[in-house]
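S.K.: As they're listed, the protein sequences go chains A and B. Be aware that the first sequence starts at 0, since it is given in numbering that gives the first Met the number 0, and climbs by one per residue. Be aware that the second sequence starts at 0, since it is given in numbering that gives the first Met the number 0, and climbs by one per residue.
Hints listed in this document are in silico derivations from the structure and should not be mistaken for laboratory results. Accuracy of the hints is not assured; some may be wrong.
[What the hints assert, rightly or not] Ranges between beta-carbon positions, derived for each pair:
1. A:C17 with B:E443: 53 to 59 angstroms
2. A:V61 with B:P56: 33 to 39 angstroms
3. A:G64 with B:I52: 52 to 58 angstroms
4. B:N477 with A:S94: 46 to 52 angstroms
5. A:G104 with B:R473: 55 to 61 angstroms
6. B:Q299 with A:A10: 48 to 54 angstroms
7. B:V487 with A:G64: 50 to 56 angstroms
8. A:E110 with B:E406: 48 to 54 angstroms
9. A:S94 with B:I52: 42 to 48 angstroms
10. B:V414 with A:G104: 48 to 54 angstroms
11. A:Y100 with B:N477: 53 to 59 angstroms
12. B:L46 with A:A76: 31 to 37 angstroms
[What the hints assert, rightly or not] Covered stretches of chain B, going by a simulated chain A footprint (3 or more residues, C-beta under 8 angstroms):
13. 143-151
14. 162-171
[What the hints assert, rightly or not] Partial list, derived from the structure: chain A residues whose beta carbon lies under 7 angstroms from chain B:
15. L36
16. A50
17. S87
18. L95
19. Q102
Virtual Cβ for every residue (Gly too), placed ideally from N, Cα, C.
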Amino acid sequence: MAGLWQNIDYAAFVVLFCIGLYIIIAKQNLIKKLLGLNIMETAVFAFIVTAGMVDDGTAPIVGPGATGPFASPLPHALILTGIVVAVSITALALSLIIEIYRQCGTLEADELKGAE
Amino acid sequence: MAHWLPLAPFVPLVAAALTPALARGRPGWARGWAVAMTAFCTLATALLTRRVIEEGPFSYVLGGWAAPWGIELRFDEFSTAALFISFIMLLVLVFSGPYVRRAVPGPRIVWYYTLLLINLGGMLGFVVTGDLFNLFVFMELVAVSSYALIAVGGGRTAALAAFKYLMAGAVSSALILFCIGVLYALTGSLNMGDVAQRLAVVESRAPMLLALAGMTAGFLVKAGLFPVHVWLPDAHAIAPSPINAVSSALVVKLGIIGLLRVLPLFDAADAVSLVPLYEVLAWLGGISIVAGAFFAIFQQDIKLMLAYSTISNIGYIVLGLGLAGQLAVTGAGIHVLNHALIKAALFLAAGAMIHRSGYRTLRDLRGIGRAMPWTTFALLIGVLAIIGLPPTAGFLGKWYIALGALEAGRPGFAVVVLAGALLVFIYFARMLNAFYFRTPTHEEMLAVREAPASMLGPVLVLAVLCVLGGLFGRWPVNLIAPAVGRLVGGG
Chain A
0 MAGLWQNIDY AAFVVLFCIG LYIIIAKQNL IKKLLGLNIM ETAVFAFIVT
50 AGMVDDGTAP IVGPGATGPF ASPLPHALIL TGIVVAVSIT ALALSLIIEI
100 YRQCGTLEAD ELKGAE
Chain B
0 MAHWLPLAPF VPLVAAALTP ALARGRPGWA RGWAVAMTAF CTLATALLTR
50 RVIEEGPFSY VLGGWAAPWG IELRFDEFST AALFISFIML LVLVFSGPYV
100 RRAVPGPRIV WYYTLLLINL GGMLGFVVTG DLFNLFVFME LVAVSSYALI
150 AVGGGRTAAL AAFKYLMAGA VSSALILFCI GVLYALTGSL NMGDVAQRLA
200 VVESRAPMLL ALAGMTAGFL VKAGLFPVHV WLPDAHAIAP SPINAVSSAL
250 VVKLGIIGLL RVLPLFDAAD AVSLVPLYEV LAWLGGISIV AGAFFAIFQQ
300 DIKLMLAYST ISNIGYIVLG LGLAGQLAVT GAGIHVLNHA LIKAALFLAA
350 GAMIHRSGYR TLRDLRGIGR AMPWTTFALL IGVLAIIGLP PTAGFLGKWY
400 IALGALEAGR PGFAVVVLAG ALLVFIYFAR MLNAFYFRTP THEEMLAVRE
450 APASMLGPVL VLAVLCVLGG LFGRWPVNLI APAVGRLVGG G
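In isolation and in its complexed conformation, chain A is listed as follows:
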């Protein structure tokens, strides 16, 4: 169990991920589904960023007087890209939601099934 306690942040992200997934599956409102997706993505991003942490690591800025250990900067760079992807997906989803509302007049998934 010591391993789990040491990685308690990882467990938290898994829980957050599952909360997001639950919202996507259980909620009927399309906006809420999208919010669930964003929670899920945030969990993934936070997980990868923390994976770059090194014990007692400092910011990886090389200059006079800089001494290691440094935190790994790579996950931050990856997640910047990941955030851009997530933003574009959210924007596209919102525009689709607007289109759905214009066409069908509702955003509840169960009512939309009837409208199809």
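Following the hints, put chain B in place on chain A, whose structure we already have.
M.R.: Chain B in isolation, oriented as in the chain A frame:
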């Protein structure tokens, strides 16, 4: 020239960014521009394919930063899918001209071509990258442009289908990214070859199992396998036909190619065994074959029929992977390529019929065999190929998968392969009957004219390839043999 490899994925991406500016005030230029760029990609990937035949797999180091630190582009035998992707995209773009003018609202036509170029660049990047995070980025490029393309035609249900697709796609992408993060936390590397080596000595079993299961599940959702296929039929039937051809023939295959890239990472690892996973894949594949074919029989809408048949064929490929023998995996690899040709031919031929007649159900399309003889003929060749009758391209993959099932001592799965083909034969008979032998439901059907040359051309080229792909089947089999050997030999 060494630089063809990076040029193949990046030229269409840059070209896509330039398209709206170039076509500003001259919307007619968008298609010509997209066709020219895709023709360039076809040339580039053809040269790359020739090189891989002569020399075997090769890498390109982006920006002079050596792998494992820099990003590596790697072209191996499976990457030859890039040639099929570019070529089918080229035919789809040629086909799109007259179809899109009617099916897509005017101001969106430029965006249509822009999105298709992004889609092409993403797919090419996906099959040639040797870096896990890069794989994710290219996958997202393909996914986001596909979501938008599903909705591009407008209409009452298009946005809803696109939203469903977006949700399924984004959840699976998040899952895959999460697993890439787990692998990075375990190994500290993102280069595929490097990760595979480092995983071999990793001892913590639970995170590895999580990563393996998550990635497999994520890629299977992308591939539209049976229990997680719910997004596929709507998305593939509602969009304009050329988009169906791209998404059904090419985009779902990325899920399979993703699996082919990810599974070898775990080959050398002692902590996890791939055998139980292969067993699950084989069963899921088998169920998917029968379920997809079964749903397809009961469809009236010709495009929905083809969409369900995609689920069935993805089942064949996953079954081949799951049997994990030399023959079965060869069959799966071949069927990835041949199904792309066949499904593109089918969707484009169906698109030509819908374009000319305005109808899309079997009942309404009765008698079209006399009005549009060439298109109907091409469609029927495509259907023969998808059943897998001997001289056609579809036969080869299914034959190898069935042999692989016997080789693995699992004759039950060989029966499933055969049963799938028999079920498909039923809807072939229904189509044949409706197109040639029934009296037309609509009087004006006999006045429908054959499709214009720019639509008929690509359809006939694909139909011919459906036959040639079977007659010259030895070439692709020999081509992917080394890659299959690495995949099977390692596990």
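S.K.: Each hint should be assessed against the structure and marked as holding or not.
M.R.: Okay, the hints, checked on the actual structure:
| no. | hint | in the structure |
| --- | --- | --- |
| 1 | A:C17 with B:E443: 53 to 59 angstroms | holds (56 angstroms) |
| 2 | A:V61 with B:P56: 33 to 39 angstroms | holds (36 angstroms) |
| 3 | A:G64 with B:I52: 52 to 58 angstroms | holds (55 angstroms) |
| 4 | B:N477 with A:S94: 46 to 52 angstroms | holds (47 angstroms) |
| 5 | A:G104 with B:R473: 55 to 61 angstroms | holds (58 angstroms) |
| 6 | B:Q299 with A:A10: 48 to 54 angstroms | holds (50 angstroms) |
| 7 | B:V487 with A:G64: 50 to 56 angstroms | holds (54 angstroms) |
| 8 | A:E110 with B:E406: 48 to 54 angstroms | holds (52 angstroms) |
| 9 | A:S94 with B:I52: 42 to 48 angstroms | holds (45 angstroms) |
| 10 | B:V414 with A:G104: 48 to 54 angstroms | holds (50 angstroms) |
| 11 | A:Y100 with B:N477: 53 to 59 angstroms | holds (54 angstroms) |
| 12 | B:L46 with A:A76: 31 to 37 angstroms | holds (32 angstroms) |
| 13 | 143-151 | holds (count 4) |
| 14 | 162-171 | holds (count 5) |
| 15 | L36 | holds (5 angstroms) |
| 16 | A50 | holds (4 angstroms) |
| 17 | S87 | holds (6 angstroms) |
| 18 | L95 | holds (5 angstroms) |
| 19 | Q102 | holds (5 angstroms) |
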